[in-house]
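What follows is the residue order along each chain.
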Amino acid sequence: MSLSAQDITRIASLARLALSDAERDRMQQQLNDFFSIVDAMRAVDTQGVEPLAHPVGAVMDVALRLRDDVVSETDQRASNQRSAPLVERGLYLVPKVIE
Amino acid sequence: MTTSTTSLSGPEDRGVAGWARALRARECSAVELARAYLDRISAHRELNAFLALDEERSLEQARRADERLAAGDASPLLGVPLAHKDVFVTRDFVTTAGSRMLAGYRSPFDATVVARLGHGAPDQGPGAGMVTLGKLNCDEFAMGSGNENSAYGPVLNPWSASRVPGGSSGGSAAAVAAGLIPAATGTDTGGSIRQPAAFCGITGIKPTYGRVSRYGMVAFASSLDQAGPMARTAEDCALLLSAMCGPDPDRDSTSLDVPAEDFSRALDAPLDGLRIGLPKEFLGEGVAPDVRAAVDAALAELQRLGARLVDISLPRTELAIPVYYVLAPAEASSNLARYDGVRYGHRARDYADLIDMYEKTRAEGFGDEVKRRIMIGTYVLSHGYYDAYYLQAQKIRRLIADDFQRAFEVCDVIAGPVAPTVAWPRGGHRADPLADYLADVFTLPASLAGLPGMSVPAGFGEGGLPVGLQLIGNYFQEARLLNVAHRLQQVTDHHLRRPAGF
Amino acid sequence: MTSPLIQGYEVVIGFETHAQLSTQSKIFSRAATAFGAEPNTQACAVDLALPGTLPVMNRGAVERAIRFGLAIGAHIAPRSIFARKNYFYPDLPKGYQISQYEIPVVQGGSVSFYLGDEKKTVRLVRAHLEEDAGKSLHDAFHGMSGIDLNRAGTPLLEIVTEPDIRSSAEAVAYAKELHKIVTWIGICDGNMQEGSFRCDANVSVRKPGQPLGTRREIKNLNSFKFMQQAIDYEVRWQIEQLEDGRAIEQATVLFDPDTGETRAMRTKEDAADYRYFPDPDLPPLVIAPEWVEQVRAALPELPRAMAERFVRDYGLPEYDATTLTQSQAMAAYFDAAAQASAQPKMASNWIMGEISRRLNAEEIDIAQAPVAAATLAALIARIQDGTISNNAARQVFDALWRGEGQDVDALIEAKGLRQMNDTGALEAIIDEVLARNADNVAQFKAGKDKAFNALVGQVMKASGGKANPQQVGALLRQKLGA
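Quick note, the sequences are listed as chains A, B and C, same order.
With the UniProt record's numbering as the guide, the letters of the first sequence map in order to residues 1 to 99.
With the UniProt record's numbering as the guide, the letters of the second sequence map in order to residues 1 to 502.
With the UniProt record's numbering as the guide, the letters of the third sequence map in order to residues 1 to 482.
Since the hints were derived computationally from the structure, they do not count as laboratory data.
None of the hints are false.
To give an idea of the interface, some chain B residues facing chain C are shown, with a C-beta separation under 10 Å as derived from the structure: (1) Val-89; (2) Leu-102; (3) Ser-222; (4) Asp-248; (5) Asp-252; (6) Leu-336; (7) Tyr-344; (8) Gly-345; (9) Gly-377; (10) Thr-378; (11) Tyr-386.
Glycine is no exception: its CB is placed at the ideal position from the N, C-alpha and C atoms.
Input sequences plus hints: build the corresponding full structure.
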């Protein structure tokens with residue numbers, strides 16, 4: 001199993017990462033090296049094994065905790081937008097969104 | 001304030017417990033103590049351990065602590081200084097997670113851990129009243145084993161400036177080892193508390209996953225991230241962990257409904273009959289002889305204290321590497337999607353359109369290792385590969401957790417090295433990112449199983465560099481681990497040794 | 001199921017409806033869900049995906065999902081999973097939407113309704129909980145878009161049907177029935193202008209017996225009128241393509257009410273790869289059977305069941321029953337009037353006639369009607385026992401509506417509308433009328449029925465409209481020996 005340059009380009013675009021040609025080539029090399037150690041995993045027989053999400057689920061049932069439907073957050077727009085790159089009249093500005 | 005300055009300038013550092021006693025005995029004030037430590041910090045900038053300092057904010061916190069002390073508040077940690085790994089968001093200090101992406105980021109709220117150790121929050125009570133001296137350097141988004149992936153430069157190992165301090169909590173480990181602070185918080189996803197603690201010769205514990213709230217921790221891998229204390233002694237770690245633990249029902253759905261404990265309670269319990277399991281996979285030829293020797297010496301001490309060694313096997317130890325490096329990047333690729341230059345953080349200066357803005361912003365904001373893991377994670381979750389990678393990894397994760405449960409049928413705690421070698425030379429792994437991954441082999445299994453694990457100074461190896469003994473307990477057995485570590489530290493002095501020049 | 005063909009093509013439609021759940025707080029945060037606040041003032045740290053924030057599930061949203069599942073006879077999953085749907089969009093703060101993928105909370109079920117007098121049933125695949133996104137205000141500022149995240153994190157129930165719908169009319173009928181159900185059981189305010197109830201229609205066409213054609217998804221149909229227009233246009237367009245030998249390409253399209261046309265949205269090549277995986281921040285949602293039973297016990301009688309009861313117990317025609325169960329208030333009003341008057345059909349006629357007309361004219365809801373159901377029942381009783389005529393009843397009703405009084409009998413007396421049931425007085429009038437109209441009498445005897453009607457009219461006139469027409473007719477026939 002080996003990742004092609006096209007694979008790298010597709011993944012980078014899915015991940016919204018701009019890569020120079022040099023970075024892409026290096027990435028392709030490094031990811032293929034990486035997947036060489038990952039392939040050991042594929043040989044393991046996991047027939048009928050339940051995937052483990054919350055690790056403590058291995059020994060006890062972990063169920064979603066539910067919160068009462070109560071509003072307690074107040075308007076914090078000013079402090080929430082303190083680190084925003086571009087804001088006007090309370091709106092975050094981004095390059096035009098085309099649908 | 002002579003007491004504390006002299007004691008600080010001198011070799012001896014009273015540690016968390018010692019300073020807590022001194023503060024309650026009015027031997028010094030929280031403000032004096034904060035000042036003295038801030039002086040030490042500015043005297044040792046060369047370590048590059050700190051990313052953010054704000055003397056005014058710190059002294060203000062110290063004044064509040066002194067007021068509480070004056071009012072007779074008996075909180076055990078009141079007024080004791082600490083610093084936080086920069087992945088915990090704080091109101092009083094900038095939070096960057098070691099990334100250019102978050103340069104200058106100001107959080108409008110404190111992480112639950114920060115609030116509980118510090119001065120509380122409306123929904124977190126008054127807090128332990130510790131004084132935050134700053135934010136500590138770390139690998140970018142906690143991704144790394146050598147602290148060489150920080151956008152703000154590497155942290156030096158106080159024991160040897162040419163060596164890495166370990167990672168990702170390298171700033172925390174180096175600062176404690178150098179006596180710049182009595183204690184620090186760290187986070188451990190695949191070993192990021194235990195390994196730097198080992199490389200810097202201090203004590204650190206990663207509790208059971210779900211014990212400590214993740215709210216306010218900049219997320220790396222949600223199902224693995226867990227916060228814990230790093231300090232000189234197990235006794236100090238116990239004090240801090242007692243204040244950090246406990247459910248956070250309103251903020252973190254993965255925090256468990258397990259009440260906080262007083263982890264100092266059982267520190268002195270005898271070790272007679274304690275069964276220590278030694279996984280043969282942890283002691284193979286992969287372990288450097290100097291590390292093996294220090295670990296054996298520590299185990300011998302524990303036997304003298306009444307413990308019994310039991311041979312066990314964790315057959316899937318090596319598999320933990322691919323499993324972890326599939327799961328953690330997968331979760332990270334999704335957790336880091338929020339860094340898009342829209343609401344906070346870095347945004348590229350020039351862009352043609354929306355997608356270009358995203359791609360340039362993320363390319364400029366993230367470092368190489370973070371990009372690599374985002375790419376790996378995106379790929380293993382992508383259409384047609386999910387079952388073969390992510391799902392398969394989660395299944396093997398259960399097998400690994402089951403292996404531990406079988407092992408704990410014949411032993412009470414598991415012991416072994418934290419890492420195969422002592423701290424490696426800085427730049428040593430630059431050519432080969434995989435080398436970092438492979439060096440995590442002994443810390444990853446407990447992380448995947450969500451088990452508590454800690455690193456205790458075991459001695460010194462090649463070049464006089466520290467070696468850590470790893471202790472792994474069953475779920476919620478933190479008190480037992482701290483007890484074993486504390487008894488060991490009562491008969492050894494590795495944890496009290498200070499690197500030359502500090 | 002017979003389905004109408006268009007130019008020999010069968011239309012196949014499946015629906016995806018996003019119903020905003022009427023909770024106070026958001027699905028994963030404690031910020032308010034109220035509509036229309038200043039931009040980003042109701043987007044808290046969690047909604048904005050600030051570093052370190054985590055989701056905590058709202059019980060109210062789960063409870064509403066259970067309510068819906070029970071209302072449509074679905075299976076409530078005892079254990080369901082939240083997943084992340086990963087994609088980049090400015091109105092999606094985390095870069096992923098928390099939704100349910102492999103194991104949704106509501107599974108199966110169906111929605112039945114009448115199309116004309118044919119009963120239709122649309123099967124549901126699933127209904128799952130997810131979070132709403134924010135809003136992009138296009139061209140808000142010098143060519144840039146403005147992002148308002150107040151809506152981000154509002155709880156949604158996405159309701160997905162099988163491709164069981166065969167015409168635009170059936171599609172609208174389904175959507176109206178679903179809208180009725182969610183508002184009826186109080187899980188959604190149903191406000192389509194504010195986007196509380198948004199429909200996407202997956203439309204394809206095929207020759208009968210052929211496998212399903214390629215579908216195009218029409219997004220955000222939030223008016224029943226546009227829904228029908230959009231689907232009709234889309235169907236015509238697809239048939240044209242096929243007739244011209246062009247293949248349909250799967251696409252997401254938007255309906256433009258101004259042009260009346262649908263146009264394909266710009267879709268990114270990678271849009272399809274959402275990289276779903278279970279959200280590690282949210283353990284499985286576990287719903288105990290006891291909880292389901294509590295919710296079931298608190299569920300109101302549902303519209304379809306109520307309509308069937310009206311037909312069964314009150315003998316109403318299906319048309320009346322369906323019309324009267326359009327809203328819970330209307331149905332309750334009818335139920336009360338029908339029981340109090342013991343005249344269900346009359347009550348139905350009054351509500352569907354006089355009352356509906358006035359409600360529409362004044363654009364008010366039956367809940368605000370000035371005439372209570374009990375008052376209507378009293379009025380109907382007076383018609384029934386012959387105290388007043390239908391004409392008189394309308395006058396009384398008008399007075400009641402205008403608030404001249406609430407006591408039916410008092411108004412009848414005050415307006416002197418009581419019918420004359422005193423035979424003696426009536427006979428006197430009749431004799432007089434007969435005396436004055438010998439010619440009509442003669443014509444009647446000659447067999448001209450119209451003359452009889454004229455006589456009845458004269459008597460009614462002479463009685464000032466108070467005579468009971470039936471009684472007048474009977475007495476006249478007696479006297480004329482007919």
